[in-house]
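Undergrad: My request is simple: use the sequences and hints to build the entire structure.
Note that the protein sequences, when read in sequence, are chains A and B.
Per this note's numbering, the very first residue in the first sequence carries number 1; after that it's consecutive.
Per this note's numbering, the very first residue in the second sequence carries number 217; after that it's consecutive.
Just to be clear, a hint being listed does not mean it is correct.
Claimed, not checked - With a Cα cut of at most 25 Å, we get these calculated DMTMM-like pairs of lysine to aspartate or glutamate:
{"id": "1", "chain 1": "A", "residue 1": "K31", "chain 2": "B", "residue 2": "E291"}
{"id": "2", "chain 1": "A", "residue 1": "K26", "chain 2": "B", "residue 2": "D279"}
{"id": "3", "chain 1": "A", "residue 1": "K152", "chain 2": "A", "residue 2": "D55"}
{"id": "4", "chain 1": "A", "residue 1": "K46", "chain 2": "B", "residue 2": "E292"}
{"id": "5", "chain 1": "A", "residue 1": "K79", "chain 2": "B", "residue 2": "E296"}
{"id": "6", "chain 1": "A", "residue 1": "K188", "chain 2": "B", "residue 2": "D287"}
Said to hold, decoys possible - Per label pair, the in silico range of CB-to-CB distance:
{"id": "7", "chain 1": "A", "residue 1": "K111", "chain 2": "B", "residue 2": "S285", "range": "44 to 50 Å"}
{"id": "8", "chain 1": "A", "residue 1": "H38", "chain 2": "B", "residue 2": "E292", "range": "36 to 42 Å"}
{"id": "9", "chain 1": "A", "residue 1": "D136", "chain 2": "B", "residue 2": "Q245", "range": "18 to 24 Å"}
{"id": "10", "chain 1": "A", "residue 1": "A207", "chain 2": "B", "residue 2": "D287", "range": "42 to 48 Å"}
{"id": "11", "chain 1": "B", "residue 1": "D287", "chain 2": "A", "residue 2": "E67", "range": "25 to 31 Å"}
{"id": "12", "chain 1": "B", "residue 1": "S285", "chain 2": "A", "residue 2": "K62", "range": "19 to 25 Å"}
{"id": "13", "chain 1": "B", "residue 1": "G283", "chain 2": "A", "residue 2": "G108", "range": "20 to 26 Å"}
{"id": "14", "chain 1": "A", "residue 1": "A106", "chain 2": "B", "residue 2": "Q245", "range": "27 to 33 Å"}
{"id": "15", "chain 1": "A", "residue 1": "V37", "chain 2": "B", "residue 2": "V298", "range": "24 to 30 Å"}
{"id": "16", "chain 1": "A", "residue 1": "I123", "chain 2": "B", "residue 2": "D287", "range": "33 to 39 Å"}
{"id": "17", "chain 1": "A", "residue 1": "A207", "chain 2": "B", "residue 2": "E292", "range": "28 to 34 Å"}
{"id": "18", "chain 1": "B", "residue 1": "S285", "chain 2": "A", "residue 2": "G108", "range": "20 to 26 Å"}
{"id": "19", "chain 1": "A", "residue 1": "T213", "chain 2": "B", "residue 2": "G253", "range": "36 to 42 Å"}
Said to hold, decoys possible - Covered stretches of chain B, going by a simulated chain A footprint (3 or more residues, C-beta under 8 Å):
{"id": "20", "region": "245 to 255"}
{"id": "21", "region": "258 to 267"}
{"id": "22", "region": "271 to 283"}
{"id": "23", "region": "292 to 301"}
Keep in mind that the hints were calculated from the coordinates and are not lab data.
Built from N, CA and C at the ideal position, the CB exists for glycine as well.
Here's the letter readout for the chains.
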Amino acid sequence: MVGRFLTIGLLLLALVFASALGQQTKRTGFKTRENNVHAPQLYADKLDFIATLVDLPGAKNKQSYWELSYQLYFIPEEKYFEAVRHLPRGGSNPTPEQFPGRILLAEGHRKSTRIATLRDRTITLNGLPFKQKVPDVQRTKFAVLMTSYTVKIFDAQLDTTVTRAGIFLTEPFETTGGDQNEVTARTKIFLNFGVNPDGTLNRSQTARTKNDTSWK
Amino acid sequence: MKSLKLRFVLMCLATVLTLGLSYAAAQAQCADIEAGGTVYGNYDCRLTNVCGGWCYYSCTCSDLRFGASCDDVLEEAGFELVSGPQC
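TA: See below:
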């Protein structure tokens, strides 16, 4: 009888912890979307793309390397939300192919074996044509910029290989001063990665300054 | 008594295994898009940052029901508001 209670108790405990670990989504802000608002003034003529491996424990080890494939796309607002309607409710990890009508803005691949400094670990593409590639009728406020990536990082100090593929999505504009009504054309797209001492991967599309090695 | 001890040890192992698997799953679970609808309106949240075991999203809301706010939608959908990633 005691054994049965212990069994049930431990199982319940495991379930409680498991559900607590599953609750890990947070939001840093929100905007209310108005459908198909024509806003060509929120489209920059050119975009800069900055991909950074911010930090990894084995940065100075000569056997460490990082390899990145990336594509930057524009997705018309109507096409994006039509595709999202076909995704499963809740969380999903779609691929670029699930967004018909996307326009390729840039793509590339690089394997870097010299990654000792932050400069070595930064890929910068300046002046990518943007506005001219988007038909005027599709220059709406809530269209989408999508960064698709596949990253592979070998940290020789940890003797660990981290791989990940995914997408980041953002709007063609950015807010200034924390007010969702104060917006300007976005001119930079960021893609950041970092390897933690336990071998897990940080990833973000948060804006960062040139010499900053803190995680953002 | 011996059987009870054995069962206890086995259950402890099972608990540790469950916790470990749950943690690993949680780490890998940041979906690139979280989208759906609530009684207050629709939401579309895009992953912006993964760190410290947390998934941070930036969200837009649409088709808000009369009197509802985007906050209502996102709270209903289970998104906790934070000022920024704390990693």
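Undergrad: Evaluate each hint against the coordinates.
TA: Hint-by-hint comparison with the structure:
1. K31/A to E291/B: It holds: about 14 Å lies between the C-alpha atoms, which stays within 25 Å.
2. K26/A to D279/B: holds, 22 Å
3. K152/A to D55/A: Since the Cα atoms of K152/A and D55/A sit roughly 14 Å apart, the hinted pair holds (cutoff 25 Å).
4. K46/A to E292/B: Between K46/A and E292/B the Cα gap is close to 38 Å, so the pair fails against 25 Å, i.e. violated.
5. K79/A to E296/B: Violated - the C-alpha atoms of E296/B and K79/A are around 29 Å apart, more than 25 Å.
6. K188/A to D287/B: Violated - the C-alpha atoms of D287/B and K188/A are around 28 Å apart, more than 25 Å.
7. K111/A to S285/B: 44 to 50 Å: Holds - the Cβ-Cβ distance for K111/A and S285/B, about 47 Å, lies within 44 to 50 Å.
8. H38/A to E292/B: 36 to 42 Å: Violated, at about 31 Å.
9. D136/A to Q245/B: 18 to 24 Å: For D136/A and Q245/B the Cβ distance comes to about 40 Å; the hint is violated.
10. A207/A to D287/B: 42 to 48 Å: For D287/B against A207/A, whose Cβ atoms are near 24 Å apart, the range 42 to 48 Å is violated.
11. D287/B to E67/A: 25 to 31 Å: violated, 41 Å
12. S285/B to K62/A: 19 to 25 Å: For S285/B and K62/A the Cβ distance comes to about 54 Å; the hint is violated.
13. G283/B to G108/A: 20 to 26 Å: Taking Cβ atoms as reference, G283/B and G108/A lie about 48 Å apart, which means the hint is violated.
14. A106/A to Q245/B: 27 to 33 Å: holds, 29 Å
15. V37/A to V298/B: 24 to 30 Å: The hint (24 to 30 Å, Cβ to Cβ) holds, given that V37/A and V298/B are roughly 28 Å apart.
16. I123/A to D287/B: 33 to 39 Å: Since the Cβ atoms of I123/A and D287/B sit about 37 Å apart, the hinted range of 33 to 39 Å holds.
17. A207/A to E292/B: 28 to 34 Å: holds, 30 Å
18. S285/B to G108/A: 20 to 26 Å: violated, 41 Å
19. T213/A to G253/B: 36 to 42 Å: holds, 41 Å
20. 245 to 255: holds (count 9)
21. 258 to 267: Check passed, 8 qualifying residues.
22. 271 to 283: holds (count 9)
23. 292 to 301: With 8 residues closer than 8 Å to chain A, the region 292 to 301 of chain B meets the three-residue bar; holds.
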